[in-house]
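Asks: My numbering numbers the first residue of the sequence shown as 1 and each following residue consecutively.
Where hints are given, some of them may not hold.
As the list claims (entries may be wrong) - No farther apart than 25 Å at their CA atoms in a straight line, the calculated lysine to any residue pairs in the SDA-like style are these:
no. : residue 1 : residue 2
1   : K362      : R232
2   : K340      : E73
3   : K340      : R389
4   : K255      : W211
5   : K277      : E157
6   : K362      : D76
7   : K355      : Q452
8   : K311      : K197
9   : K280      : D301
10  : K255      : K197
11  : K311      : S487
12  : K277      : L463
13  : K340      : Q83
14  : K362      : N399
15  : K197      : W448
16  : K197      : R232
17  : K197      : T328
18  : K362      : M25
19  : K277      : D301
20  : K316      : K340
21  : K255      : G205
22  : K340      : N409
23  : K340      : K427
24  : K362      : W211
Claimed, not checked - Restraint-style ranges between C-beta atoms, simulated for each label pair:
no. : residue 1 : residue 2 : range
25  : D200      : R167      : 19 to 25 Å
26  : E216      : R435      : 42 to 48 Å
27  : T287      : K362      : 54 to 60 Å
28  : G231      : E92       : 55 to 61 Å
29  : R81       : D331      : 22 to 28 Å
30  : L485      : S347      : 21 to 27 Å
31  : M360      : Q313      : 17 to 23 Å
32  : T287      : E220      : 23 to 29 Å
33  : P172      : S217      : 22 to 28 Å
Think of the hints as simulated: they come from the structure by calculation, not from any bench.
Where is the CB? At the ideal position from N, CA and C, for every residue including glycine.
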Amino acid sequence: MTDLTQGWFKRKGLALFTDLYELTMIAAYLREGVADRRVCFEYFFRDLPPHSGFAVTAGLSCFLAYLENLRFEEDDIDYLRSQDIFEEEFLEYLREFHPRCTVRAMPEGTLAFPNEPIVQIEGPLFDAQLIETALLNFLNHQTLIATKAARVCLAAEGDPVLEFGLRRAHGPDGGVSGSRAAHIGGCVATSNVLAGKIFDIPISGTHAHSWVMSFESELEAFRRFAAIYPGRCILLVDTYDTLESGVPNAITVFKEMREAGHDIRPAIRLDSGDLAKLSKQAHRMMTEAGLEDPLIVASNDLDEDLIADLKRQGAKVNAWGVGTHLITSWDCPALGGVYKLVSIHNSDGWRARIKISSNMSKATDPGRKNVVRYYDASGAPLADVLYERDEEWAEAANNGYVEGRRRNNPHLPARIRGAVRGEPLLKTVFDQGQRVSEVQSTSAIREWTQQQITGLPGEFTRLRNPEIYRVILSQRIGDLKEELLESPELAG
Numbered sequence: 001m002t003d004l005t006q007g008w009f010k011r012k013g014l015a016l017f018t019d020l021y022e023l024t025m026i027a028a029y030l031r032e033g034v035a036d037r038r039v040c041f042e043y044f045f046r047d048l049p050p051h052s053g054f055a056v057t058a059g060l061s062c063f064l065a066y067l068e069n070l071r072f073e074e075d076d077i078d079y080l081r082s083q084d085i086f087e088e089e090f091l092e093y094l095r096e097f098h099p100r101c102t103v104r105a106m107p108e109g110t111l112a113f114p115n116e117p118i119v120q121i122e123g124p125l126f127d128a129q130l131i132e133t134a135l136l137n138f139l140n141h142q143t144l145i146a147t148k149a150a151r152v153c154l155a156a157e158g159d160p161v162l163e164f165g166l167r168r169a170h171g172p173d174g175g176v177s178g179s180r181a182a183h184i185g186g187c188v189a190t191s192n193v194l195a196g197k198i199f200d201i202p203i204s205g206t207h208a209h210s211w212v213m214s215f216e217s218e219l220e221a222f223r224r225f226a227a228i229y230p231g232r233c234i235l236l237v238d239t240y241d242t243l244e245s246g247v248p249n250a251i252t253v254f255k256e257m258r259e260a261g262h263d264i265r266p267a268i269r270l271d272s273g274d275l276a277k278l279s280k281q282a283h284r285m286m287t288e289a290g291l292e293d294p295l296i297v298a299s300n301d302l303d304e305d306l307i308a309d310l311k312r313q314g315a316k317v318n319a320w321g322v323g324t325h326l327i328t329s330w331d332c333p334a335l336g337g338v339y340k341l342v343s344i345h346n347s348d349g350w351r352a353r354i355k356i357s358s359n360m361s362k363a364t365d366p367g368r369k370n371v372v373r374y375y376d377a378s379g380a381p382l383a384d385v386l387y388e389r390d391e392e393w394a395e396a397a398n399n400g401y402v403e404g405r406r407r408n409n410p411h412l413p414a415r416i417r418g419a420v421r422g423e424p425l426l427k428t429v430f431d432q433g434q435r436v437s438e439v440q441s442t443s444a445i446r447e448w449t450q451q452q453i454t455g456l457p458g459e460f461t462r463l464r465n466p467e468i469y470r471v472i473l474s475q476r477i478g479d480l481k482e483e484l485l486e487s488p489e490l491a492g
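Using the sequences provided together with the hints, build the complete structure.
Replies: And the structure:
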């Protein structure tokens, strides 16, 4: 990650990038004398987006850059003073504030599943409460877009996917952060030039219909574009009539370019009409004209379902420009990530906390936890187990069996079969105001994500009705959860 990347999240004013109730709570904690009490919060999500078998975690590096530079400026304090809500003691405390918490997290780009901690914040209650909203914003949005991008790329079956969504994104930062997340999820390039500059993402683009319409003829427009950009010439062929004029004129220009000595791959973009039919006919026309292996880029409100359907119809598209439905996660506009208190440090040590709900699936898993991912002999992930932080875990107990408890019914046993290797997922990435993990480029995170998706069994990556990946509790957490569900006051 470049200095420029860091700078995107060093902007003044981000200390107030929070909900008011975070500030009223920490002010009250200070007044009550408990601001320095040590606590542990965990970030997780309860449900995957519809039809998804996994999520791609994203946003952590951006959150850590924000956290490392979190300070209250004088104008922030002046603004809060003007609201007539807060006492002067609190405002003075903010003037000297700097983060003191420890952050443990799954490496960015890790595949994650419901109800397992992705980020764990441990430190003073004041700090941990203050950063809740920002953490949720950074990770919920980017994880959502990265997950959507991964699904789109799976549907494309290895064809390059280009992210074209900036003009439909939810504001400037939704566009910039969304482009970053889409690259992590698998997109090879973005049309967003600012995101390309900040995050070192390859940028890509063609031309608009207005370019063609600004010339006297389509053929002249194509010739002029080819003359200016011979090495990046992708011609948009559907301004007037795709098959009667667009493709024939493009063929003429590509032949002229080769005759002039340009070693080019003929490339067109289709942005409207029946993409399956038009791509097949365009491919036939170009190959019959001697333009072998043409690149045919499709765009126009694509998503993973439409791409998969076009693939089934034998469309000759071999690159996909996906915009609105990707950058907005059209079918699932928000990821329901939450941030819950799981443990408080008292005079006699750490004491677990639990949130109880009439809906058992919303009851939290108590205590500070480790997440261990178990793999089978082929290297494919089998299931994840939540252990208490100081609990010993075995890579493969009882000849490949790992025993545990069910999350929603902690009194019932759960077993993982065939485990040959276990790997703890949470790593310390931030401590006492400083990042302690290696800063990775967005492309390196993307590569890590793609390795994991490739290694995930197909039942978890199919686009409809994927298998549910198992997340279970250790025996010890199962006992603790069962005890606290019956007598939550025992947590205190």
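Asks: Does each hint fit the structure? Answer for all of them.
Replies: How the hints compare with the structure:
no., hint, result
1, K362 <-> R232, "violated, 52 Å"
2, K340 <-> E73, "violated, 28 Å"
3, K340 <-> R389, "holds, 16 Å"
4, K255 <-> W211, "holds, 21 Å"
5, K277 <-> E157, "holds, 20 Å"
6, K362 <-> D76, "violated, 36 Å"
7, K355 <-> Q452, "violated, 32 Å"
8, K311 <-> K197, "violated, 33 Å"
9, K280 <-> D301, "holds, 19 Å"
10, K255 <-> K197, "violated, 34 Å"
11, K311 <-> S487, "violated, 55 Å"
12, K277 <-> L463, "holds, 24 Å"
13, K340 <-> Q83, "violated, 28 Å"
14, K362 <-> N399, "violated, 33 Å"
15, K197 <-> W448, "holds, 21 Å"
16, K197 <-> R232, "holds, 19 Å"
17, K197 <-> T328, "holds, 21 Å"
18, K362 <-> M25, "holds, 23 Å"
19, K277 <-> D301, "holds, 17 Å"
20, K316 <-> K340, "violated, 48 Å"
21, K255 <-> G205, "holds, 22 Å"
22, K340 <-> N409, "holds, 20 Å"
23, K340 <-> K427, "holds, 19 Å"
24, K362 <-> W211, "violated, 54 Å"
25, D200 <-> R167: 19 to 25 Å, "holds, 22 Å"
26, E216 <-> R435: 42 to 48 Å, "violated, 57 Å"
27, T287 <-> K362: 54 to 60 Å, "holds, 57 Å"
28, G231 <-> E92: 55 to 61 Å, "holds, 60 Å"
29, R81 <-> D331: 22 to 28 Å, "violated, 44 Å"
30, L485 <-> S347: 21 to 27 Å, "holds, 25 Å"
31, M360 <-> Q313: 17 to 23 Å, "violated, 44 Å"
32, T287 <-> E220: 23 to 29 Å, "holds, 25 Å"
33, P172 <-> S217: 22 to 28 Å, "violated, 37 Å"
The structure fails hints 1, 2, 6, 7, 8, 10, 11, 13, 14, 20, 24, 26, 29, 31, 33 (numbered hints given earlier, in ascending order).
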